[in-house]
Amino acid sequence: MNRKSGRKKRVVLWVSLSLIVVLLSIVALSFSFRKPPTAILEETRKSIALAVKEEAGIYSPQLLLKAEESWNEAMAEWKINNQKSAIFRDYGKIISLAKSATESAKKAKEEAVKIKKELTEEIESGIVSLKKSVEYIAVVKDKLPNNHSIRKRSTPLSIKLDEIEQAYRRGDLLSAKKSIDEIKKSAERLRRESEEIIDEYFSSYSRWVALDNEMRIWSKNNGGVSLVVDKFARKCIVYKGGKKLREFDVELGVNWLGDKMQRGDKATPEGKYKITVKKSGRNTIYYKALLINFPNDEDRRRFNQMKADGLISRGAHIGGAIEIHGGGGKGIDWTDGCVALENRDMDSLYALCSVGTPVAIVGSLTPPEKLFDIKR
Amino acid sequence: MLAYLFFTRFGTHIANKYVRTSTIKFISKMKKLFFALLLVVAVSSCAKLPQAEIDAANAAIESAKGVEANRYLAEEFNALADSLNAVNVAIEDQKSKFFLSRDYKAITEKLTMIASDVEGLKARTEERKAQVRTEVQDTLNVLISLIEEDKALLAKAPKGKEGKAALEAIQNDITVLEASVTEINTLVTNGDYLTAQDKTTASKAKAEAIKEELTAAISKTRRR
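One line per chain: the protein sequences are A and B, in this order.
Mapping to our numbering: the first sequence position 146 is 146, numbers consecutive.
Mapping to our numbering: the second sequence position 107 is 1107, numbers consecutive.
Calculated directly from the structure, the hints in this document are not laboratory data.
Beta carbons: idealized from backbone N, C-alpha and C, even for Gly.
Incorrect hints may have been included.
In silico EDC-like pairs for lysine to aspartate or glutamate, Cα to Cα no more than 20 angstroms straight-line [said to hold, decoys possible]:
{"id": "1", "chain 1": "B", "residue 1": "K1095", "chain 2": "A", "residue 2": "D90"}
{"id": "2", "chain 1": "A", "residue 1": "K177", "chain 2": "B", "residue 2": "D1192"}
{"id": "3", "chain 1": "B", "residue 1": "K1095", "chain 2": "A", "residue 2": "E43"}
{"id": "4", "chain 1": "A", "residue 1": "K84", "chain 2": "B", "residue 2": "D1103"}
{"id": "5", "chain 1": "B", "residue 1": "K1095", "chain 2": "A", "residue 2": "E73"}
{"id": "6", "chain 1": "B", "residue 1": "K1151", "chain 2": "B", "residue 2": "E1178"}
{"id": "7", "chain 1": "A", "residue 1": "K160", "chain 2": "B", "residue 2": "E1208"}
The following label-pair restraints were derived from C-beta to C-beta distances [claimed, not checked]:
{"id": "8", "chain 1": "B", "residue 1": "A1209", "chain 2": "A", "residue 2": "G264", "range": "31 to 41 angstroms"}
{"id": "9", "chain 1": "B", "residue 1": "E1109", "chain 2": "A", "residue 2": "I87", "range": "29 to 39 angstroms"}
{"id": "10", "chain 1": "A", "residue 1": "L17", "chain 2": "B", "residue 2": "G1120", "range": "54 to 64 angstroms"}
{"id": "11", "chain 1": "A", "residue 1": "R169", "chain 2": "B", "residue 2": "R1124", "range": "20 to 30 angstroms"}
{"id": "12", "chain 1": "B", "residue 1": "A1106", "chain 2": "A", "residue 2": "K53", "range": "21 to 31 angstroms"}
Given only the sequences and the hints, what does the whole structure look like? Please build it.
Laid out in structure tokens, this is it:
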């Protein structure tokens, strides 16, 4: 009886031990059969890292976000699976999410590289184009009256262009592009306006050259002196015997660019005149003065036409009392439309001129392509 | 029954009384083997998940974002964030293994290293920010001085009948620069030092150009 029960117990013991071993083997085998998705998630991680390195967060944010969301979901799913018994784990969803994340990350990287390349090209050409415009405007601005609106509007542009270059240099392509888009139109408009001002102004160039020749010839034929005031060059040229005798620096009206339209516009008139009165002493407040016959017949005709066309108000006055006088040398265009010389130069000019001396006031004797030595 | 004989003192007593000596010896051997196994399990269960280190590393990365390390030292920040991602993969990889073969030692070391590296990165970010802030402040001070110089030169600049009106355009430029100073101060207050730096450098260049222009105009008058 005793022997029988002992045998029975041994059998039970061996069966129990065998069961434990079998169970442990099953668990261990299930671990080895279900390979964790480590490799695929590593690949995803590397793809995301590469996309981040190419600044996909900035240049392809939506695709990168999609990749990161899928990655986070895959990791969360893996965590949930790892909490389960190895037998019940299922890595299928994790693998699918990881693949989707890798795909999105690769696309994000490609898109970021492409967008950066395109942006770089756009910014570089944008900067070149803006620089051309700003440089052109700067050259024109320097030759325009101090208070011309072109100058006022060009300063914010040139500051912004500097900012764009700074942003581009430190790799902030989006800021640079945004700023280019902001100022591109106003820069183009200002450049166009500058070109129009110059084109319009120099449309009379051939007439100015003809007037200069006329003065030269007059001095040769009549034996006297004739004067030419070159507004752009700020020079008063004295011709005698068909040759340039003297040349003086002059200062002009504040709004010297363009012809005089009416009284108070502070513009220096353009045209052919003659000295009508020589003033000195108490007769002038500007040391010495040579009054010219502004307005002449041509000025009156033009003024009336402009009035008729409504370009100037009906109550406007043509103005007058345009002189070549002393008191200059201020280093700025400051008169109400007269031509000012330094007193010492005025002495010389006053001595050379007499009543009847012809005076031509012209915009420029230098062609615009030489004055504005820049490519349009 | 077997478990009763196996685990309890009373079981042992019963076994001594009723079971044969050879069986008792076998049970005793099995007991030793079981406890040895239990010891192995106990030792291996020491490979606990380094939760504290994980939390610390995650918090460190978040705090680095807080000091804008991702903006000022983006490459270094991205490398550390990627290292943390790699560690997270390694953690789950270990968790996927049979509990007896898990090992978090290397992971714990890596997490500690990440947390420590992030602290270094934060310090360097603060240094970089301070450097940019100082540069912006220095350039801004130069800009403010230049604006004052420009104003003083403008007062000395040649004027005609129109007085100051003749130099209205230059005054307008100075006003634009003063508006820039206000914008720069706002950017600095908002902590956007990089944009502030761009604006300060550009405005300073303009202020210098105006100074040059005015100085030339004044010297031209003096020469005459």
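Structure-based check of each hint:
no.	hint	in the structure
1	K1095/B with D90/A	holds, 14 angstroms
2	K177/A with D1192/B	holds, 18 angstroms
3	K1095/B with E43/A	holds, 19 angstroms
4	K84/A with D1103/B	holds, 19 angstroms
5	K1095/B with E73/A	holds, 17 angstroms
6	K1151/B with E1178/B	holds, 11 angstroms
7	K160/A with E1208/B	holds, 16 angstroms
8	A1209/B with G264/A: 31 to 41 angstroms	holds, 32 angstroms
9	E1109/B with I87/A: 29 to 39 angstroms	holds, 32 angstroms
10	L17/A with G1120/B: 54 to 64 angstroms	holds, 56 angstroms
11	R169/A with R1124/B: 20 to 30 angstroms	holds, 22 angstroms
12	A1106/B with K53/A: 21 to 31 angstroms	holds, 25 angstroms
In this structure, every one of the numbered hints holds.
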